[in-house]
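Engineer: So you can see what is in the structure, the chains are spelled out below.
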Amino acid sequence: MSDFAWTIQIIYLLAASCFVFGLHLMNTPATARRGNQVSTAGMAVAIAATLAVIVHDNLISATGWIVMIAGALVGSALGLYSARNVQMTAMPQLVSMFNAVGGGAAALVGIHDYMRSGAAVSATMSVTTLLDVIIGGVTFSGSIIAAGKLQGVITSAPVTFPGARVVNLLLAVVGIGLGGYLIAAPNTALLTIVIVAALVFGVSMVMPIGGADMPVVISLLNAFTGTAVAMAGFVIGNWAMIIAGALVGASGGILTKLMADAMNRSIRNIMLGGFGTGDAAAAIAGGPGGDVKAIAADDAAIQLAYASKVIIVPGYGLAAAQAQHEVAALAELLESRGVEVSYAIHPVAGRMPGHMNVLLAEANVPYPQLKEMDEINPEFARADVALVIGANDVTNPAARRPGTAISGMPILDVDQAHSIIVIKRSMGHGYAGIDNELYVDPKTSMYFADARKALTELASAVKTLVG
Amino acid sequence: MYPALLVDVAIFVLSLWVGFEVISKVPATLHTPLMSAANSIHGIVLAGAMLIAVTAHNAIGYVIAFLAAAFAAANVVGGYVVTGRMLKMFRRRPISADTVAANGSNLNGHRDTGRSA
Chain A
812 MSDFAWTIQI IYLLAASCFV FGLHLMNTPA TARRGNQVST AGMAVAIAAT LAVIVHDNLI
872 SATGWIVMIA GALVGSALGL YSARNVQMTA MPQLVSMFNA VGGGAAALVG IHDYMRSGAA
932 VSATMSVTTL LDVIIGGVTF SGSIIAAGKL QGVITSAPVT FPGARVVNLL LAVVGIGLGG
992 YLIAAPNTAL LTIVIVAALV FGVSMVMPIG GADMPVVISL LNAFTGTAVA MAGFVIGNWA
1052 MIIAGALVGA SGGILTKLMA DAMNRSIRNI MLGGFGTGDA AAAIAGGPGG DVKAIAADDA
1112 AIQLAYASKV IIVPGYGLAA AQAQHEVAAL AELLESRGVE VSYAIHPVAG RMPGHMNVLL
1172 AEANVPYPQL KEMDEINPEF ARADVALVIG ANDVTNPAAR RPGTAISGMP ILDVDQAHSI
1232 IVIKRSMGHG YAGIDNELYV DPKTSMYFAD ARKALTELAS AVKTLVG
Chain B
254 MYPALLVDVA IFVLSLWVGF EVISKVPATL HTPLMSAANS IHGIVLAGAM LIAVTAHNAI
314 GYVIAFLAAA FAAANVVGGY VVTGRMLKMF RRRPISADTV AANGSNLNGH RDTGRSA
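Going down the list, the protein sequences come from chains A and B.
Residues in the first sequence are numbered consecutively from 812, following the working numbering.
Residues in the second sequence are numbered consecutively from 254, following the working numbering.
Keep in mind the hints are simulated off the structure, nothing from the lab.
Note that CB positions come from ideal geometry on N, CA and C, so glycine has one too.
Hints are supplied without guarantee of correctness; some may be wrong.
Claimed, not checked - Straight-line distance between alpha carbons at most 27 angstroms, and here's what the computed DSSO-like set of lysine-lysine pairs gives: (1) K1104(A) <-> K1254(A); (2) K1104(A) <-> K1274(A); (3) K1182(A) <-> K1120(A); (4) K1068(A) <-> K1264(A); (5) K341(B) <-> K1182(A); (6) K278(B) <-> K1068(A); (7) K1182(A) <-> K278(B); (8) K1182(A) <-> K1254(A); (9) K1120(A) <-> K1254(A).
What the hints assert, rightly or not - Here are the simulated distance ranges between beta carbons: (10) A1131(A) <-> H310(B): 43 to 53 angstroms; (11) V316(B) <-> R1079(A): 51 to 61 angstroms; (12) D814(A) <-> A257(B): 18 to 28 angstroms; (13) H310(B) <-> A934(A): 24 to 34 angstroms; (14) Q848(A) <-> A257(B): 48 to 58 angstroms; (15) S828(A) <-> I313(B): 35 to 45 angstroms; (16) Y255(B) <-> L980(A): 26 to 36 angstroms.
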């Protein structure tokens, strides 16, 4: 190994260390920005080292340079534009698209290497190459479908057809079987069939998954992308790619598990699809009937203004109504009166892990007020008012009883608060399709209105009330 | 035996464990920026995409090189920019109410407070 090659490998290791350290710094909000900068620096170094290799080896054609630079410029421009302009509510779609292009690029690395090496490729290298192409291909098409569902371009309802599972199984058999054959007998034409099978499998894997399960799907596709990049690293023997891919695979894996646990569902169950379409409604085991008590802005404002502790429970409905700024304004008003305000954030509030925190941070809510479920649950008993905005299933006490569609799902203990105000447009069901027993609790008052309008009215009522 | 492959596999497995250790300490508050940061890290595939251009010597090769470079570059640049944008919003204390009310003229210079209201 030449001195140059040594230096490059050391630089790649340095870059990989920056990625690890950058992720480590993300363990508190105070240091997270620095973490991102460290990680960016590592990436810049790794790219510079790669450029150095290309210049040093001097095997690239003029067309090669032009193609590479043109591609990088076009991609950078698109990435920069979307990153600068994306709304925070649309963050899951963007992350999903980045998964798609990352997985796609990894697959292309494998495809190119396979076509170039032809019959000369060794059996072990073929294994990693085919894994790279298959995982990358599935991630590419699957992530595009997921982004389409999140954006509303594709229906977010689970899409299934008779025999869907058979088709999926068949695709998997074709992909893996042909892949196995290709390891023994390299063949570029057959590789095309593997690629197509992987792409179709990605589509048919995500189509049957409903909108509410998107946090899990995005996390899983994130893990896939990482794995595909690591496989691409195996193919071209690049340590930085192997390490980075493994880190992302671990991150995606952890988040997938956390999200699935927060919904009390197994990953297998989610991948098979169809939540909220079955006969879940019939499964309610003796939910208490009762009357719903409606409340007007003035009365709700009195409760809030004279409380000493208020816990706000935001759900996706808040984000859908774009009411983050209104809720922050109301909270600030209450705080200026000496009311202690905090936010109870369920892990699956939003469309991706941690989504609600970002939406509230955008609305200028200081992060110490954002409390995780385990931290806030014991505090509900001391709260004078719990203000539920656009959250449904995650507040339903029915989850504590066996025999309901959401039994066993970890919930926020909203019903422990002294009084509860629920802002909601109608008595409609959540994703689980069952009645929320919280709404008929005698302590609960329902404020029927659009979240944004309701919060504005509440804030002005509090202002009038206290002068 | 393939010693080089064995080394690669060892690196992969140990990195997975490092990843589990480091990432399990990230609080739920930061899970979206975490995923976005992980996203930008897998943009390292750009290194692989650039190397395609070296060995590409026909039309298909150049098309693949172009697409891979474009995909990976979008991944890297977009990922880091959007992660930075998100993390900038996480504050310990709110910027003062008057500043927010004054429609976006704010302490940090270029925060887009007024835009999405």
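Engineer: All the hints need checking, so say for each whether the structure fits it.
Structural biologist: These are the hints, each one checked on the structure:
{"no.": "1", "hint": "K1104(A) <-> K1254(A)", "result": "9 angstroms, holds"}
{"no.": "2", "hint": "K1104(A) <-> K1274(A)", "result": "24 angstroms, holds"}
{"no.": "3", "hint": "K1182(A) <-> K1120(A)", "result": "14 angstroms, holds"}
{"no.": "4", "hint": "K1068(A) <-> K1264(A)", "result": "36 angstroms, violated"}
{"no.": "5", "hint": "K341(B) <-> K1182(A)", "result": "19 angstroms, holds"}
{"no.": "6", "hint": "K278(B) <-> K1068(A)", "result": "15 angstroms, holds"}
{"no.": "7", "hint": "K1182(A) <-> K278(B)", "result": "16 angstroms, holds"}
{"no.": "8", "hint": "K1182(A) <-> K1254(A)", "result": "23 angstroms, holds"}
{"no.": "9", "hint": "K1120(A) <-> K1254(A)", "result": "16 angstroms, holds"}
{"no.": "10", "hint": "A1131(A) <-> H310(B): 43 to 53 angstroms", "result": "51 angstroms, holds"}
{"no.": "11", "hint": "V316(B) <-> R1079(A): 51 to 61 angstroms", "result": "38 angstroms, violated"}
{"no.": "12", "hint": "D814(A) <-> A257(B): 18 to 28 angstroms", "result": "20 angstroms, holds"}
{"no.": "13", "hint": "H310(B) <-> A934(A): 24 to 34 angstroms", "result": "25 angstroms, holds"}
{"no.": "14", "hint": "Q848(A) <-> A257(B): 48 to 58 angstroms", "result": "34 angstroms, violated"}
{"no.": "15", "hint": "S828(A) <-> I313(B): 35 to 45 angstroms", "result": "37 angstroms, holds"}
{"no.": "16", "hint": "Y255(B) <-> L980(A): 26 to 36 angstroms", "result": "33 angstroms, holds"}
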